[in-house]
Amino acid sequence: MRWEQVVEFAAKTDVGMRRQNNEDTCGAHLAREEKVFRDRGHLFVVADGMGGHAVGELASKLAADTLPHTFLKSTGESVQKAMQCAVEAANAAINSRGSQNRDFQRMGTTCSALALCGKGAVIGHVGDSRVYRVRRDRIDQLTFDHSLQWELERRGRLKPEDISLQEHRNVITRSLGPEPDVDVDIEGPLPVYPDDIYVLCSDGLTGHVTDGEIGTIVRDLPPKAACRMLVNLANLRGGSDNCTVIVIRIGSLPSNVTPPSVEFPAAQRHTLSWKWLLWFWLCGVGLVCGTTLTIARYLVPGLSIFGVSALVGIVMSLFAWRESYQIRTAPPEDALEPGNAVPYRSHVARPVKELLSDLAELAVDLQRTAKEDGWHVDWKQYEQAVTRSRKALSEKRRSQALREYGKALDALMAGLQTERRMPAGNPMPEPS
Numbered sequence: 003m004r005w006e007q008v009v010e011f012a013a014k015t016d017v018g019m020r021r022q023n024n025e026d027t028c029g030a031h032l033a034r035e036e037k038v039f040r041d042r043g044h045l046f047v048v049a050d051g052m053g054g055h056a057v058g059e060l061a062s063k064l065a066a067d068t069l070p071h072t073f074l075k076s077t078g079e080s081v082q083k084a085m086q087c088a089v090e091a092a093n094a095a096i097n098s099r100g101s102q103n104r105d106f107q108r109m110g111t112t113c114s115a116l117a118l119c120g121k122g123a124v125i126g127h128v129g130d131s132r133v134y135r136v137r138r139d140r141i142d143q144l145t146f147d148h149s150l151q152w153e154l155e156r157r158g159r160l161k162p163e164d165i166s167l168q169e170h171r172n173v174i175t176r177s178l179g180p181e182p183d184v185d186v187d188i189e190g191p192l193p194v195y196p197d198d199i200y201v202l203c204s205d206g207l208t209g210h211v212t213d214g215e216i217g218t219i220v221r222d223l224p225p226k227a228a229c230r231m232l233v234n235l236a237n238l239r240g241g242s243d244n245c246t247v248i249v250i251r252i253g254s255l256p257s258n259v260t261p262p263s264v265e266f267p268a269a270q271r272h273t274l275s276w277k278w279l280l281w282f283w284l285c286g287v288g289l290v291c292g293t294t295l296t297i298a299r300y301l302v303p304g305l306s307i308f309g310v311s312a313l314v315g316i317v318m319s320l321f322a323w324r325e326s327y328q329i330r331t332a333p334p335e336d337a338l339e340p341g342n343a344v345p346y347r348s349h350v351a352r353p354v355k356e357l358l359s360d361l362a363e364l365a366v367d368l369q370r371t372a373k374e375d376g377w378h379v380d381w382k383q384y385e386q387a388v389t390r391s392r393k394a395l396s397e398k399r400r401s402q403a404l405r406e407y408g409k410a411l412d413a414l415m416a417g418l419q420t421e422r423r424m425p426a427g428n429p430m431p432e433p434s
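Positions 3 to 434 (the numbering used here) are the ones given, in order, by the sequence shown.
Bear in mind the hints are in silico, worked out from the structure with no lab data behind them. Each residue gets a CB set at the ideal place from its N, CA and C atoms; glycine is no exception. Honestly, I wouldn't trust all of these hints.
No farther apart than 30 Å at their CA atoms in a straight line, the calculated lysine-lysine pairs in the DSSO-like style are these [as the list claims (entries may be wrong)]:
hint	residue 1	residue 2
1	K373	K355
2	K63	K226
3	K355	K14
Distance windows between CB atoms, simulated [stated by the list, open to error]:
hint	residue 1	residue 2	range
4	P182	E385	51 to 61 Å
5	K355	D380	21 to 31 Å
6	K83	E36	19 to 29 Å
7	K398	D105	19 to 29 Å
8	R157	G120	35 to 45 Å
9	H71	D185	16 to 26 Å
Can you make the complete structure from the sequences, with help from the hints?
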């Protein structure tokens with residue numbers, strides 16, 4: 003990544019639909035000077051506090067304040083080492099604060115930090131908040147969830163389909179604060195390319211929005227609109243937790259710099275087993291024998307042996323290529339081991355048309371409720387946005403249709419949030 007590349011980002015945090023207070027904290031620190039960028043880069047942080055009431059809020063705020071301060075002030079260290087020291091410093095600050103007050107004991111927070119610097123993307127991670135990378139139609143999860151679900155899956159004790167997600171998904175196995183020491187996952191540096199998009203989020207988002215949907219929304223919408231739609235969608239589907247998301251889009255390279263080609267993991271060389279070599283040797287012998295007999299004018303047996311050998315050779319070549327291809331492209335056996343510099347999970351962005359269909363159903367239900375309960379909604383804005391979205395969809399401008407539907411959802415959710423803030427028994431006055 004280069005200093006000259008513009009980084010466009012947006013952040014949004016929301017209390018959700020069922021919580022009384024927001025225990026999430028996020029922060030963004032863009033390098034204002036080229037030297038700072040070369041040394042440390044741009045820094046983004048998301049922390050999801052635990053402990054209830056003000057305790058979780060305090061823990062996440064300490065993480066979001068301490069980590070950037072330590073990271074950006076450190077000198078003479080690699081970005082990876084500085085990131086690790088910064089996360090450890092945040093853990094020490096939270097643990098120290100918790101030990102000073104009995105009410106704050108065992109308070110903790112998740113923490114995911116992303117540094118975008120000259121060497122690439124470097125991630126420091128503890129807990130189940132996530133960092134994603136969206137590149138073209140693919141979304142990669144770059145962090146390992148420190149949760150019971152992921153730990154059981156990593157150890158091979160349970161398969162994903164055997165795990166009750168509702169039961170295990172919120173059981174955290176590692177966080178900042180409860181213990182004096184903490185193991186920090188450091189990922190990277192990973193290559194950064196123009197138009198890459200990075201997403202940092204708490205589990206309030208991933209509990210309700212799939213990876214494929216996240217990939218589609220951040221790919222097709224500007225960061226600010228993408229943040230709003232992601233939070234709205236999480237709330238429309240229950241909003242069971244605080245929801246925080248940061249969306250970062252990497253800009254183009256300067257015109258005088260040749261853009262790099264997107265690199266993929268190099269294919270490893272694999273030697274076929276002796277059984278494959280034996281089969282190919284037999285096919286070769288058959289071809290030679292068939293050719294010899296044909297030349298000797300034993301046409302029927304010669305052509306038969308040659309034809310059968312050639313057919314077997316072609317079939318065996320296809321199977322050998324398939325096996326070799328699967329070996330090269332399959333994820334490594336330790337794909338769920340932290341620190342292996344490969345995505346832990348990857349998904350394809352969901353088709354926009356499918357996502358729009360789901361959003362339309364949600365909007366219709368919410369619109370019906372809004373009219374029945376008399377919410378204060380800007381219906382003109384809503385109808386205009388829906389009309390523009392349908393027109394764009396009919397013209398196959400699906401990305402534009404998604405943007406317009408996001409505006410329609412904004413109008414409905416604004417009415418819902420206003421309704422929730424109204425005291426019970428105090429109806430909203432009719433607009434003049």
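The hints, checked one at a time:
1. K373 with K355: 27 Å, holds
2. K63 with K226: 23 Å, holds
3. K355 with K14: Cα-Cα ~25 Å, so holds.
4. P182 with E385: 51 to 61 Å: 58 Å, holds
5. K355 with D380: 21 to 31 Å: Since the Cβ atoms of K355 and D380 sit about 27 Å apart, the hinted range of 21 to 31 Å holds.
6. K83 with E36: 19 to 29 Å: 22 Å, holds
7. K398 with D105: 19 to 29 Å: At 58 Å between Cβs, range violated.
8. R157 with G120: 35 to 45 Å: 37 Å, holds
9. H71 with D185: 16 to 26 Å: Since the Cβ atoms of H71 and D185 sit about 22 Å apart, the hinted range of 16 to 26 Å holds.
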